[in-house]
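Visitor: Now for the letters of each chain:
Number of protein chains: 2
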Amino acid sequence: MAHPLKGITILEMSQGLAGPFSAMTLADLGARVIKIERPGTGDESRSVPPFKAGKSACFAAVNHSKTSIALDLKSEPDRAVFERLLARADVLIESSRPGAVERLGYGWTDLHARFPRLIYGAVSGFGHTGPDAKRPSYDLVTQARGGLMSITGHVGGAPVRTGASVGDLAAALYLSQGILAALLDRHHTGKGRKIDISMLDAQLALLETAIAITSVTGTPPAPGGTRHPTIAPFEAFQAADGRFVIAAGNDVLFEKLCVALNLPLADDPRFATNPARVDNVRLLKRLIEAVTIDNTCAYWIAKLGAAGLPSGPIQNVDQAMRDPQILARNMVVDVLDRNGRAAFKAAGNPIKMSGIPDATTRRAAPDLDGNRGEILRWLEE
Amino acid sequence: MAHPLKGITILEMSQGLAGPFSAMTLADLGARVIKIERPGTGDESRSVPPFKAGKSACFAAVNHSKTSIALDLKSEPDRAVFERLLARADVLIESSRPGAVERLGYGWTDLHARFPRLIYGAVSGFGHTGPDAKRPSYDLVTQARGGLMSITGHVGGAPVRTGASVGDLAAALYLSQGILAALLDRHHTGKGRKIDISMLDAQLALLETAIAITSVTGTPPAPGGTRHPTIAPFEAFQAADGRFVIAAGNDVLFEKLCVALNLPLADDPRFATNPARVDNVRLLKRLIEAVTIDNTCAYWIAKLGAAGLPSGPIQNVDQAMRDPQILARNMVVDVLDRNGRAAFKAAGNPIKMSGIPDATTRRAAPDLDGNRGEILRWLEE
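If you're matching them up, the sequences are chains A and B in order.
The working numbering puts the first residue of the first sequence at 1, with every later residue one more than the last.
The working numbering puts the first residue of the second sequence at 1, with every later residue one more than the last.
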């Protein structure tokens, strides 16, 4: 069967992470993605280590399955190529500073007048409106200013950055959603729309519990270590050989946990309800660890798992990449080189859809301008 | 103009965070969402603190703009209501343990045979395939097992949980994407599809740089504090009155930073390229802080901003919710109560789309079974 986005062409005039990641998720759904890069250096991610055979693994991780053409949008011949591409495309993704494409004559208003079916997906640090629209940003600025960093870290310690670039990635995932919604909308209206995604907005959209706590109590949450702010027990616990996590998200699970640990707490008013457990969370942790310290992580994960309780190991990325469940789900794929040999590893497509093949490899990330001839020939078709 | 999902009806038979958050994002795009809850207790999030006037702020944050009907799917009259809803719906979202809906006769195979246009969106801890398909999970288990926790925390310290529930939310955002792609696909095929999202898969999909590092170097990254693992300078720096962040993601920005700080490092071979800066990141940090320590965060953020450099404050959630840029983008909205008065705050919709109104309020989160009469009347229409 055909992939859902078969026949959809996306021009990705972007670099870094947010725009390329969004386009990659749409490529995994079947879209053709043509990457439009600056002549000379191309996407700045091409210079991000680590490298293998001179190529950036980080670039490959989010730019596989695309083709590349280098265009100088201040040169007339390249502008003509770009405009022929726009005429064939369904979607333009761009992540330049607001105002930059307008100066080239390729802002939303101009493009919508000339290519009314084209969907225009913009992702920027702060969005195209508001006092800081023109400020530059990166993931770290988003995580810091957006509040996520302030709730991440050890209890009593300084805020830390979340190890994955969720400032970029949340924006990327919302951009993909917006583009898909606009494609649906176009079935009814025949017209494209502009989607204006701000990394800062997208970061704020992930703070559901933190916003709820702040607005009701007046006090913003601080870093909580491994603990959830409003559910207990829901954190890491010490075992004989390390730490593992238990997440008992409701009263039924807490009762099961008490049985599995042989801890008579389920009828204790200090722990009988989730709000009571949250109020007494430090005492609860000490009582649980008095039991878990006597055996290994593996012992407790097996025992709690058999009792139907959510628990698990704290795995490093190497362990996660070898996890039997991850492998069974085809979530680590090979990115090929130009000769069809496995060159890099990348995450698979988490959108598993009935009747749609879930490939175990990905086409090579393109060399800069590596597909110019093929793209120009396609324009002649 | 009409919202992109106007006319689309979604049944959300889910609880907690992932399923409800996905349905909420689709409600923000214009879909009608009917929440189907267990009689008696309903969604377990209803008992998650903090509360206001007896209602959970966390529940309201992700369940506004929906209606609710309580159905016992083991009772024949309620099954009849559910089946009439299925006949009217475009999408079913469910997040039960794999096998649970099958036992009720409402698994994908049965539903697809009876309601061939229905799209079936499932989100679960580990997905519907693989050795751990039937294990229960929660956000914390996903963050721990999926590797994100292992790369988050202070340098040399123990892993911590990311303060937002990205284990749930990444899965939710992929589910929304999958549902939108399936709606597009249905325009061509006339048929619904099953989407099978695993929280663990979705978590792995966010580890682009970490997977690249692990697979090329053989060594998984450890917690990096505020620092990006492969870009420098890209971390928090000490000023006279606290810390702020600088993210100089390429050589041009690094040169601008050297000028702004009056630091003659841009031609130094230890710092001339991003890979060299990453190799010498600790020395680079000391050299930068020798300058930044002499003035305040606000001074440096203004000075670097004027020089076109990405930098910013580390804000707590209260500060983020009052940030002029956030407010200008309508990213903090009022969730109303049943009387139309502002009751809770929630994040706005980060998908800003041309021609689509961006409301500043949201309809109240429903009481359990609070819309039964209205839903039954709608079925008669």
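I should point out that these hints are in silico values taken from the structure, not numbers from a laboratory.
The reader is advised that the hints may include incorrect statements.
Unchecked claim - Ranges between beta-carbon positions, derived for each pair:
hint : chain 1 : residue 1 : chain 2 : residue 2 : range
1    : B       : Val155    : A       : Ile293    : 38 to 46 Å
2    : B       : Leu86     : A       : Gly156    : 25 to 33 Å
3    : B       : Asn330    : A       : Arg97     : 45 to 53 Å
4    : A       : Glu381    : B       : Thr41     : 45 to 53 Å
5    : B       : Ala298    : A       : Leu263    : 25 to 33 Å
What the hints assert, rightly or not - Here are the simulated BS3-like cross-link-like pairs (lysine-lysine), alpha carbons at most 25 Å apart as the crow flies:
hint : chain 1 : residue 1 : chain 2 : residue 2
6    : A       : Lys55     : A       : Lys256
7    : A       : Lys6      : A       : Lys285
8    : B       : Lys55     : B       : Lys345
9    : B       : Lys303    : A       : Lys134
10   : A       : Lys285    : A       : Lys303
11   : A       : Lys285    : A       : Lys256
12   : A       : Lys52     : A       : Lys345
13   : B       : Lys134    : B       : Lys74
14   : B       : Lys303    : B       : Lys6
15   : A       : Lys74     : B       : Lys74
16   : A       : Lys6      : A       : Lys74
17   : B       : Lys134    : A       : Lys303
18   : A       : Lys303    : A       : Lys256
19   : B       : Lys191    : A       : Lys6
20   : B       : Lys303    : B       : Lys285
21   : B       : Lys6      : A       : Lys256
22   : B       : Lys74     : A       : Lys256
23   : A       : Lys134    : B       : Lys134
24   : B       : Lys256    : B       : Lys285
25   : B       : Lys303    : B       : Lys256
26   : A       : Lys191    : B       : Lys52
27   : B       : Lys52     : B       : Lys345
Glycine included, C-beta positions come from ideal geometry on N, C-alpha and C.
Visitor: Run every hint past the structure and note whether it holds.
Guide: Quick rundown of the hints versus the structure:
1. At roughly 27 Å, the beta-carbon separation of valine 155/B and isoleucine 293/A lies outside the given 38 to 46 Å, and the hint is violated.
2. Separation of leucine 86/B from glycine 156/A is about 51 Å and departs from the stated range, judged on CB atoms against 25 to 33 Å.
3. For asparagine 330/B and arginine 97/A, the Cβ-Cβ distance of about 22 Å falls outside the hinted range of 45 to 53 Å, so the restraint is violated.
4. At roughly 59 Å, the beta carbons of glutamate 381/A and threonine 41/B sit outside the given window of 45 to 53 Å.
5. For alanine 298/B and leucine 263/A, the Cβ-Cβ distance of about 50 Å falls outside the hinted range of 25 to 33 Å, so the restraint is violated.
6. Proximity of lysine 55/A to lysine 256/A is assessed by CA-CA distance (about 51 Å); at most 25 Å being required, the pair is judged violated.
7. Between lysine 6/A and lysine 285/A the CA atoms are separated by roughly 52 Å; this puts the pair beyond 25 Å, and the hint is violated.
8. Straight-line distance between C-alpha atoms of lysine 55/B and lysine 345/B comes to about 13 Å, which keeps the hinted pair within the 25 Å bound.
9. Pair hint lysine 303/B plus lysine 134/A holds up; C-alpha atoms about 15 Å apart against a cutoff of 25 Å.
10. With a CA separation close to 18 Å, the supplied pair lysine 285/A and lysine 303/A stays within the 25 Å bound.
11. A hinted pair counts as satisfied when its Cα atoms are at most 25 Å apart, and lysine 285/A with lysine 256/A qualifies at roughly 16 Å.
12. Taking the CA atoms of lysine 52/A and lysine 345/A, the gap is near 11 Å; set against the 25 Å cutoff, the hint holds.
13. Between lysine 134/B and lysine 74/B, the direct Cα distance comes to roughly 21 Å. Compliance with the 25 Å bound is thereby established for this hinted pair.
14. A hinted pair counts as satisfied when its Cα atoms are at most 25 Å apart, and lysine 303/B with lysine 6/B does not qualify at roughly 46 Å.
15. A threshold of 25 Å between alpha carbons decides the hint, and for lysine 74/A with lysine 74/B the separation of about 67 Å lies outside it, so the pair is violated.
16. Our distance criterion of 25 Å between C-alpha atoms is broken by lysine 6/A and lysine 74/A, whose separation comes to about 32 Å.
17. The straight-line distance between the Cα atoms of lysine 134/B and lysine 303/A is roughly 15 Å, inside the 25 Å bound, and the hint therefore holds.
18. Pair hint lysine 303/A plus lysine 256/A holds up; C-alpha atoms about 11 Å apart against a cutoff of 25 Å.
19. Under the criterion of a C-alpha separation no larger than 25 Å, the hint pairing lysine 191/B with lysine 6/A is consistent with the structure, at around 16 Å.
20. Taken as a hint, the lysine 303/B and lysine 285/B pair is honoured in the structure, with Cα atoms around 18 Å apart against an allowance of 25 Å.
21. The suggested pairing of lysine 6/B with lysine 256/A is violated, with an alpha-carbon distance near 43 Å, which exceeds 25 Å.
22. In summary, the hint linking lysine 74/B to lysine 256/A is supported, as the alpha carbons are separated by about 24 Å, within the 25 Å threshold.
23. With a C-alpha separation of about 48 Å, the suggested pairing of lysine 134/A with lysine 134/B is violated against the 25 Å cut-off.
24. Restraint check: the Cα-Cα separation between lysine 256/B and lysine 285/B comes to about 16 Å, which is no more than 25 Å; the hinted pair holds.
25. Between lysine 303/B and lysine 256/B, the direct Cα distance comes to roughly 11 Å. Compliance with the 25 Å bound is thereby established for this hinted pair.
26. Note on lysine 191/A and lysine 52/B: the hinted pairing is violated, with a Cα-Cα distance of about 44 Å set against a maximum of 25 Å.
27. Pair hint lysine 52/B plus lysine 345/B holds up; C-alpha atoms about 11 Å apart against a cutoff of 25 Å.
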